[in-house]
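Engineer: Use the sequences and the hints to build the structure in full.
First to last, the sequence lines map onto chains S and A. Just so it is clear: in the first sequence, position 165 is 165 by the numbering used here, and no numbers are missing. All you need for the numbering used here is the position in the second sequence, starting with 1, plus 314.
Source of the hints: derived by calculation from the structure; they are not laboratory data. One thing to keep in mind: the hints can contain errors.
[To be verified] Capping the alpha-carbon separation at 20 Å, the derived lysine to any residue pairs in SDA-like fashion look like this:
(1) K544/A x A461/A
(2) K86/S x K544/A
(3) K218/S x H12/S
(4) K86/S x I318/A
(5) K136/S x H431/A
(6) K86/S x H431/A
(7) K86/S x I316/A
(8) K544/A x I316/A
(9) K544/A x H431/A
(10) K136/S x R322/A
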Amino acid sequence: MPVIRTSGLGKHYPMGAWPARRGTPVRALEALDVEVMPGEIFGFLGPNGAGKSTTIRIMLGFLHPTSGSASILGHDVVRDGLAIRKRVGYLPGGISLYDSMTGNGLLDYLAGLYGRPAPLRASLIERLELSEADLKRPVRDYSRGMRQKMGIIQALQHDPELAILDEPTEGLDPLMQHAFLALLDERRQAGRTLFFSSHVLSEVERVCDRVAIIRRGKLVAMSSVATLLARRRRHVEARIEGAMPDLTGVPGVSAVDIRDGVLRCDLEGDVGPFLAVLSAATVRDLTIEPARLEEAFLEYYAPDAADAAAARAS
Amino acid sequence: MIGILFRRTFQANRVRIIACVIGLVVWGAVLPLVYAGFGQTIGAFIRNSNNPLMEQFASFGGGDLFSLAGAIALGFIHPIAIALLGVMVVGFPILSIVGERQRGTLEVLLARPISRHALLLVLFCVGALSLALLVAAQLTASVVSAAFSGVLDELHVGNIPLVWAMGTLLSVALMAIAFGASVSFDRVMPALGVTLVFVLVSYLLEVVGSIWPAAAWVSDFSLFHYVRTKELLDGQLRLFDVGLLGGVLGIALLYSWIVFPRRDIAAPS
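Structural biologist: What follows is the structure in structure tokens.
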């Protein structure tokens, strides 16, 4: 059973507060179908305003969907919000904390509201390098990075079955980002599910099993990171002596450019057929750029290329 | 979980509550002292002046300085007392829901297994208990001050609980209206504005009605009018007043109860 399942999920905001002034509603989310399986780290990608936070806020019951449905751990997000929130940890994007409380007081308070112990707190504090002295200070004295660490600890300290993390590495230095990603990996190994939105594609590429990319409230791609990378175009450059190979009809090859003994082309999908054709020629040098999630992402976001990319992905 | 939330809400507001208690204790003690010191002289001066306008202005909001009951009533309706109570009547509901929503701490709280109804109920109980404490502090100070000044025998001390109950009921009804505004907006300023306009207009109607006989009818439209402190100190409780204030409280609370869980919690600013 999926841990998260959305079906035709939509959220529209009316324009203007008064019925007489209402125009076309803003479509923040449209017909979103996503499934996240147990034990997955699922990346949710999209630029600002794409609908990532709206989706997360619907999952936690802060927003009410205008169409479709969503369930978390088998519970409907509209009817069973309490049952969901008992089993979920949440890190909001740009978290706000109670500034007058000390770090320890805040973590005690937020854990107490779950009504169960916080078995992971000590190890999270150690891994994120917060000292006991830090935790005795009021939160108002904390730097942005320390606040983010507190946000991560409060979301994970009670060992939730599902953690929903909105931009979790925001404000963390590279070392802490590394420690955080290792933490996610450990949680996955412990059988927990993690759903996180991010702009940092390298971290998504590193830890996520699958990703969904949304654009203007619509899902444009959802697949495993490996599949997404395999599908995206690589840039190929080959220095060839003698006759050039005929690449006509080779699957996945496009934008072929031959000049001064150098063959340049784009290659998409399986590299086998391309290499088979190339092996007949005398290749002096060959460069195939590794596929990066960043380029796959950008491909989905180039205004005109998005639809084509989505069509290819499907 | 509810107990933790309740304790934390009290703790977070303790400085505000203590400051208001101190302010109301001082204020509650002042007017009986003024009455004991100058009340008779001022009363005689105004009555001998044969100036009805002066007498009207001296009866501000149903209170006066010519009797101990009048002095206590004046202390209740005076802007100083209203402002001190207003910290909890208006400030607390606005800051604890729409204020937290705007800051972003409300979503941290509601990400826990706490229903919006439970949160509203806890906040309401904390606010109501605080207001009961504030009104009690002012009245206790007035009684102690009257005793200290040697005029306590002019007061039916047994009727003080009636004044306390009605004063608390009015404060809690106004607080329930503030909660209604707090759950209806995404930002503090509109919620604060709507609540302040309601409270200030209501207050103004009572004051205008009390000092201008031709416009006495306007005070019927003020909630403040239905806490008739002097009558209460004489042991006269009108059930209509209780029903009206209780009705306003009930409707405002019901509104919040229905609206709060149905509202989208906007992203913090």
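Engineer: State for each hint whether it applies.
Structural biologist: Hint check results:
For the hint linking K544/A to A461/A, the alpha-carbon distance of about 18 Å falls within 20 Å, and the restraint holds. About 52 Å separates the Cα atoms of K86/S and K544/A, which puts this hinted pair outside 20 Å; it is violated. For the hint pairing K218/S with H12/S, the CA-to-CA distance comes to about 12 Å; that is within 20 Å, so the pair holds. With a C-alpha separation of about 16 Å, the suggested pair K86/S and I318/A falls inside the 20 Å cut-off, and the hint holds.
Pair hint K136/S plus H431/A does not hold up; C-alpha atoms about 33 Å apart against a cutoff of 20 Å. Between K86/S and H431/A, the direct Cα distance comes to roughly 16 Å. Compliance with the 20 Å bound is thereby established for this hinted pair. For the proposed pair K86/S and I316/A, the alpha carbon gap of about 14 Å is at most 20 Å, so the pair holds. For the hint pairing K544/A with I316/A, the CA-to-CA distance comes to about 40 Å; that exceeds 20 Å, so the pair is violated.
Proximity of K544/A to H431/A is assessed by CA-CA distance (about 38 Å); at most 20 Å being required, the pair is judged violated. Taking the CA atoms of K136/S and R322/A, the gap is about 18 Å. The hint holds against a cut of 20 Å.
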